[in-house]
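Asks: Could you put together the complete structure from these sequences and hints?
In order, the protein sequence lines correspond to chains S and F. Be aware that the first sequence starts at 1, since it is given in the working numbering, and climbs by one per residue. Be aware that the second sequence starts at 1, since it is given in the working numbering, and climbs by one per residue.
In short, the hints are calculated from the structure, not lab data. Just to be clear, a hint being listed does not mean it is correct.
[Said to hold, decoys possible] Over the 10 Å line for every Cβ pair with chain F, so calculated as not near, a few chain S residues:
(1) Ala330
(2) Asp406
(3) Thr413
(4) Leu563
(5) Gln639
(6) Asp833
[Stated by the list, open to error] One side only, chain F facing chain S, incomplete, derived with CB under 8 Å:
(7) Gly76
(8) Arg137
(9) Trp143
(10) Pro146
(11) Tyr147
(12) Ala152
(13) Gln156
(14) Asp398
(15) Pro401
(16) Ala403
[Said to hold, decoys possible] Each pair of labels, with its calculated beta carbon distance range:
(17) F:Tyr324 with S:Glu811: 40 to 46 Å
(18) F:Phe339 with S:Gly949: 47 to 53 Å
(19) F:Pro233 with S:Ala810: 35 to 41 Å
All values reported here derive from a predicted model rather than from experimental measurement. From the three backbone atoms N, C-alpha and C, an ideal C-beta is built for every residue, glycine too.
Take a look at the letters that make up each chain.
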Amino acid sequence: MNLHSRKTSGLDLEQLRNRLAGETGARYWRSLDELAETEEFQEFLHREFPRAASEWADGPSRRTFLKLMGASLALAGVGISGCSQEGSVEKIVPYVRMPEEIVPGKPLKYATAITLGGFATGVVVESHEGRPTMLEGNDKHPDSLGAINPYVQASLLGLYDPDRSQVVTRAAGLSRGISTYDMFVTAAVKALDAQRPKKGAGLRILTETVTSPSLGRLLNILLAEFPEAQWHQYEPAGGNAARLGAQLAFGQDVATRYHFDKADVILALDADFLSRGPGHLRYAREFGTRREPPAMNRLYVVESTPTITGGMADHRLPLPARRIEDFARALAQAVGVKVEGTVAGQGSWLAPLARDLQAHKGACLVVAGEAQPPAVHALAHALNQALGNVGTTVEYTAPVEEKPVDQQESLATLAKAIEGGKVEALLVLGGNPVYNAPADMDFANYLGRIPFTVHLSPYEDETSYACLWHVPAAHELEAWGDALASDGTATIQQPLIAPLYGSHSALEVLAALLRHPSRSGYEIVRDTWRQRKSDGDFETFWRTALHDGVVAGTALPAKDVKLKDDLAFAPPKSAGDGLELTFPVDPTIGDGRAANNGWLQELPKPITKLAWGNAVLISPKTAARLRVGSEDVVVIRSQGREAEAPVWVLPGQPDDSITLTLGHGRTRAGRVGNRVGANAYNLRRSDAPWFATGVELVPKGRTQTVPCTQNHRPVEKTRQEHRDDLIEGDYAHKREIFRFATLADFIKDPHFAHEHKHEEKPGEAETMYNDNFPYNGHAWGMTVNLNTCIGCNSCVIACQAENNIPVVGAEQVVLGREMHWIDLDRYYHGNLDNPDTYFQPRFCMHCENAPCELVCPVAATVHDAEGLNNMVYNRCVGTRYCSNNCPYKVRHFNFLQFADQTTPSLKLLNNPNVTVRARGVMEKCTYCVQRINAARYAAEEKGQPIKDGDIVMACQAACPTQAIVFGDINDKGSRVSKAKADPRNYGMLAELNTKPRTTYLAKLRNPNPEIAEPEGAA
Amino acid sequence: MATDQPERVQEPVLAPGHTFASVTDKISALVLERPYNWRWFAGFTIGFVLVMMLLTAITYLLLKGVGIWGINIPVGWGFAIVNFVWWIGIGHAGTLISAILLLLKQEWRTSINRFAEAMTLFAVACAGMFPLLHMGRPWFFYWLAPYPNTMALWPQWRSPLVWDVFAVSTYATVSLLFWFVGLIPDLATLRDRARHPFARIVYGILAMGWRGSAVHWHRYRTAYLLLAGLATPLVVSVHTVVSFDFTIGIVPGWHSTIFPPYFVAGAIYSGFAMVLTLAIPLRKAFKLEDMITMHHLENMAKVLLATGLIVTYGYVMETFTSWYSASTFEEFMINNRMFGPYAHTYWMLILCNCVTVQILWSSRARSSVPVLFVVSIIVNIGMWLERYVIVITSLHRDFVPAAWGMYHGTFWDYATYFGSIGLFMALLFLFIRFLPVISITEMRELVAETQEREEAREAMTQGTAP
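Replies: Structure, rendered in structure tokens:
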């Protein structure tokens, strides 16, 4: 505000200020009154605040007047100290002298980590004037390598979620009353004091998986003070089966680390290693590096629910979850692992698979998934051992967790203790057991029996309502902390913003319970690391660790472990018959804690393309047998419990096995997540954590619309409906929108992607408009390698975060109005029961001959000299002609006011460099034009040209397999130019002469020549 | 049709026995003498209620945005554009009848031209509303016009939507002028005959000082013929430009060179159907059978048949070219139209526009008023479906299979559509009530011509006598 220079005739502000400068103390206030009497001032007021001034003239109250004065004088730079809302006296400092490092408009970046299931993913946070607006992967972090997954990215929205709990509450009768943190601490300390004489015999602590050294340290201090107290851990979808499998195989807790970059042949047993579990971003990167010819790996997947890992498979076998153990046993027997009992033959490609694995001893890999019982994990260990993979593709380390336990067992022990009345005080630090504990443990009831319960949680959720106290937990971007990656590498988490609602981290709560209420997270974390780092200069260490986002040298060393000698693979108990129900973790919202995250709810699930909720996934054959079709509502009954959900017929789902993902059906998630989908936890028992057999499926005789982003076809609820999936794929293939070949065919004919009947583009003589613009400067372009695109959705959410893309809600998705600038298309090819799956991200192609530009009546979409197809939001009048005329259909329209422009906390989320679009305006991928311009300014400042790699698109940065490459196609040395020179490079619908700047590298598959698959395998 | 052919004796353009006075009395009485009857009230009430619904729908639309309609991505255009093209098509008959038939000296046009022109105006008003409403930010509609502005920006001239603005606004202006110029002598008649002073004043102002002098008549005829000459190319140009909205696009099903002639034929087809739909109840309700005779109806039926056949040819050629092009996209488009999820719409359209009209080959059908009424209604429906098929089935499955979708109109789509029909009805009823539905002047000329002809015939028959 620069009012000083403003000319105000009649009254000079300078004069006003001079008059004030002469006054001091009590006189000061009086002088304001006196000043107000002067004619000049009244005239000044009328000029400056005409509306308010008349208000003042109507009924001059001293209060109103002072308010006005405060505002005007603060603007004028008089610099009186204002009163903040909280009553404390804080100096308001004008932005005259720039704070160190903060340049308005220039974001700062900080390294920290976001945890998922206890494990850290390193991120670099972009902060604009103190508010984090974007997360990107930290390339120094072993579990990120620069990439990011949708969950971690979307945790940013979680920070600003207006539904986060904002205040400490305490149960008051049937409702809950507002309380304060201090009152909570007083009550908690009192409750703990009552435990002291009993050495804490009645004290229990329940956490989720803990890898944080600081949290572990504080918990151990607490346990030392209360030796009889118990620390329980429960994570509904943590790595419990892997933990138990390792126990079974080695007799000790070990963590398994894979090296997919060293594996020529990979077998995944119900393991979605590309998108689930600790380290999956690194695994995806390693997998991707080996996906390129000529040394291309080969992936076999046996799975009970189609996943993106199955989508990448060269050979995929859909098998009910209960039969995968048989498959593993048969395979083990085939490669020479001693297996007890007889093993039935499993499918046609088991023998060739066994030969393929044996031919690649030491360079193959068997991975078992979390949803498989420990025996399968043990079999995988034995297989890897027998195939000589240990030390090459598989490594074992000490466990990463602070205290590895059988979490299923741990929770059961807690439940038993509560039932026995032994628990008097329970601290639930994170987690939501009332919602996600096995259905046979009635945790809401259990919590009611304990006199003193505390729930520390970011939301006032199901568990909070069952507890005496609820304490709002700080977001990971608001608090100090630390966490480990899957290989043990530590990251110190630094806060990017002061807690929005005065929330506290688990560290601070524990410190308060240890009678250090004022101890900050910062001090706690520093103490932990001071203890760990006795050598060298601590400050240097600390600053380096914070700067890098990793603590160097903390990765766990490989460890030699031996299979137990008495390891015997007894035949499994009867696998059970009848219909099987599996409950994997939801591919977008995870185990349910992110249910209130609009980005994740609206993110189409990679295979089904469903958004906003879950559905009962069922194979076409089983659907026909049970006489149900997509969108028919059914009730699933399993051991006396039931859940109601619509059916979704899914090609590639194994017969006689249905799937309902976990994480939905929340009741106290918040406004976004409540009552979305069906709660599969209701059907999950502790003896069958991942699949149940003998379930019943009863049609309810009505239908329910399922929001789906690829099959917007609400009218055709026919039995044939699922065929449309294939039809789409067939057309995509026929139209050469998606091009693919086998590795063998590619080697024979590297130019296969161009041998098609369409002409690539008309010859120069055939077009009337030869006004080819030379593009002498930069010419931006992009390639997407379909061969390494795993369909993980990382790009979609990164783009949403970067470009302020709104969430539209389930109804709008049903209508076909989702706003994601990247449509991640999924095509099937082959037969209905086990089709090949293909992923293709589709965004604005930035055509040189853009059909959209021709038809816009107001020139709201125009080309620039670097080849960008720009969208001028301010000029757009919303005729939608451009979208109609876009052959790629990559434009998205604000049919209603989709962007939330009113919720205060969500305003903070927006990237200030990207316009928040209003209703009635078209939008689409801009090639992150704000990033191009930022790089341009930076280059100009330095006086150097923009170098290849200076500009990284949000989608490109997020991609775990680096499938997206962006750069200057005029620069022949750039990575994008090299990619475009690849014989597999092709333009989608290039025969329309659109000259797309975004092109694709055709997909390859590497099937085993020994396996003749039915029609469908590429 | 040659003009100098003798009129068929059994179907005259004007029932025998009319004199200058009787014609003037009868037509002006509709406005000045006859009391409001229940039929008028019933019709106007329906129109008025629908207009209220339209206003509600528009208010809600402006408050919320076009998202209240069923449009989506890929189907960015829905009912609004379908209705726009439909109404513009209906608006074609008026000018065609008035201008082209005037120039061709088809005297049978005389008794239907006035209300056909009025219908044109009201249809164009209804049509013009839709492109504005369908915009995401309708308050910036004027950005489509070339006007000097601080942004130094002009419209993007390559866009057919800009051409549309000019085509439709020109058409609306010329149609209005043509209609008003034709009205001036009649307004003077009403001024002279009105008893109520207020009516005298209003009609007097509108009559613009018409005194009926020879100079007036001379200038009137010149202006009228000039305007007819101006309007004639517009009949062809407007719908040609409207068809460019589609043909300029690259969407299979839109990108077609046959569209301009086929759209014009379709427009005349639907326009004449609408004239029939209106004329039949009108002549009945206001006992105008003497003036709008079977001769008129039959002629219009013939035009309907002819344009219906052209439209059918268009459908056949569209199918043929898509096969002949050997383009995957074109083939798929026609296949999807015929057998895809909107197949029922397509076949309904064929039934309405191509099959039903064949009944008009029979002269008995052409001379049956109920048959003509039913056929005209069916053609109106068929032409709406045609636009629906063109706009929606082409867009809903175009190039990229993963982007395919479905479209359905919502309550607000229907409310706006029926509301526009209500607006049309309400305007038409007001027109019937306050202006002469048939041109008194031209009817008088017709009387004169008929009398002259009678006299000539008599002279011929009595020619042998001295």
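Asks: Taking the hints in turn, state whether each one holds.
Replies: For each hint, the structure was consulted:
1. Ala330: holds (38 Å)
2. Asp406: holds (44 Å)
3. Thr413: Answer for S:Thr413: holds, closest chain F Cβ roughly 49 Å.
4. Leu563: holds (47 Å)
5. Gln639: Non-interface label stands for S:Gln639: nearest chain F Cβ at 40 Å, farther than 10 Å.
6. Asp833: holds (21 Å)
7. Gly76: holds (3 Å)
8. Arg137: holds (4 Å)
9. Trp143: holds (5 Å)
10. Pro146: violated (11 Å)
11. Tyr147: violated (12 Å)
12. Ala152: violated (12 Å)
13. Gln156: This interface hint holds because 4 Å falls under the 8 Å limit.
14. Asp398: holds (7 Å)
15. Pro401: holds (4 Å)
16. Ala403: holds (4 Å)
17. F:Tyr324 with S:Glu811: 40 to 46 Å: Check passed, 43 Å falls within 40 to 46 Å.
18. F:Phe339 with S:Gly949: 47 to 53 Å: Taking Cβ atoms as reference, F:Phe339 and S:Gly949 lie about 51 Å apart, which means the hint holds.
19. F:Pro233 with S:Ala810: 35 to 41 Å: violated (52 Å)
In summary, the numbered hints that this structure violates are 10, 11, 12 and 19.
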